[in-house]
Amino acid sequence: MDFLFLWPGLTLMVIILMLIRNRNNLNTHKVFEILLIPALVLLVGFGSIWAFIGHFFLSAQIAASIGWPAGSPFQLEVAFANLAFGILGILCWKFRDNFLTATIIGVTTFYWGATYVHIMDIINTGNFAPGNAGIALYIDIIIPLALIILLIGYKKTIPQKK
Numbered sequence: 003m004d005f006l007f008l009w010p011g012l013t014l015m016v017i018i019l020m021l022i023r024n025r026n027n028l029n030t031h032k033v034f035e036i037l038l039i040p041a042l043v044l045l046v047g048f049g050s051i052w053a054f055i056g057h058f059f060l061s062a063q064i065a066a067s068i069g070w071p072a073g074s075p076f077q078l079e080v081a082f083a084n085l086a087f088g089i090l091g092i093l094c095w096k097f098r099d100n101f102l103t104a105t106i107i108g109v110t111t112f113y114w115g116a117t118y119v120h121i122m123d124i125i126n127t128g129n130f131a132p133g134n135a136g137i138a139l140y141i142d143i144i145i146p147l148a149l150i151i152l153l154i155g156y157k158k159t160i161p162q163k164k
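In terms of my numbering, the sequence shown opens at residue 3 and continues consecutively.
Certain hints may be false.
What the hints assert, rightly or not - Derived lysine-lysine pairs resembling BS3-like cross-links, with alpha carbons at most 27 angstroms apart:
| id | residue 1 | residue 2 |
| --- | --- | --- |
| 1 | K163 | K96 |
| 2 | K158 | K96 |
| 3 | K157 | K32 |
| 4 | K32 | K158 |
| 5 | K96 | K32 |
| 6 | K157 | K96 |
| 7 | K163 | K32 |
| 8 | K164 | K32 |
Said to hold, decoys possible - Derived CB-CB ranges, DEER-like:
| id | residue 1 | residue 2 | range |
| --- | --- | --- | --- |
| 9 | L93 | W114 | 31 to 41 angstroms |
| 10 | I55 | K164 | 44 to 54 angstroms |
| 11 | I55 | F130 | 22 to 32 angstroms |
To be clear, the hints were calculated from the coordinates, so they are not data collected in a lab.
From the three backbone atoms N, C-alpha and C, an ideal C-beta is built for every residue, glycine too.
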């Protein structure tokens, strides 16, 4: 769980560096782009690949941190879902427009679906394990919400061609 802050921290550092680097040609659209693209590439992309590694190679430890039994084949499915979103997030560096929208819709569905499952587990079983009810739960809510807000700002500020 200590690594949960790795990707948000790295994302914030990259955003600050990109804002400084582009400070002479910033406009509202460029600011939204600088906020959105690193979030997709680092938080969603590399963060999801990191989650894939955990669920695939350290599945027993991850299951224990969530408070669930180890050995379920569903954990392998979650690993590959994370890998898919990791690839999509990284590809956001190259592909824009509706690719960003599709990636955010997919990751939001996955994260908020996971949020629902964790909350129902808390309600039904009282499972307050750190991986079920801790910071990971809040991250699953906040990241998609932030991505949606940034995407709306990015889309609304696209310069109009004359």
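> Given the hint that K157 pairs with K96, does the C-alpha gap stay at or below 27 angstroms?
Replying inline: 17 angstroms, holds
> Can the restraint linking K96 and K32 be considered satisfied, given a maximum Cα separation of 27 angstroms?
Replying inline: Cα-Cα ~16 angstroms, so holds.
>> For a C-alpha distance cap of 27 angstroms, please report whether K163 and K32 respect it.
In response: With a Cα-Cα distance of about 16 angstroms, the restraint between K163 and K32 holds, given a limit of 27 angstroms.
>> Tell me if the straight-line CA distance from K157 to K32 falls inside 27 angstroms.
In response: Roughly 11 angstroms separates the two Cα atoms, so the pair holds.
>> Check the hint pairing K163 with K96 against an upper bound of 27 angstroms on the C-alpha distance.
In response: 22 angstroms, holds
> Falls inside 31 to 41 angstroms, the C-beta gap from L93 to W114?
Replying inline: 22 angstroms, violated
> Are I55 and K164 spaced within 44 to 54 angstroms by their CB atoms?
Replying inline: 48 angstroms, holds
> Within 22 to 32 angstroms or not, the Cβ separation of I55 and F130?
Replying inline: 25 angstroms, holds
> Would the pair K164 and K32 pass a check requiring their Cα atoms to be no farther apart than 27 angstroms?
Replying inline: Holds, at roughly 19 angstroms.
> Does the structure keep K158 and K96 at a Cα separation of 27 angstroms or less?
Replying inline: 20 angstroms, holds
>> Next pair to validate is K32 with K158; report whether the Cα-Cα distance is within 27 angstroms.
In response: 12 angstroms, holds
Violated hint for the displayed structure: number 9, the only one.
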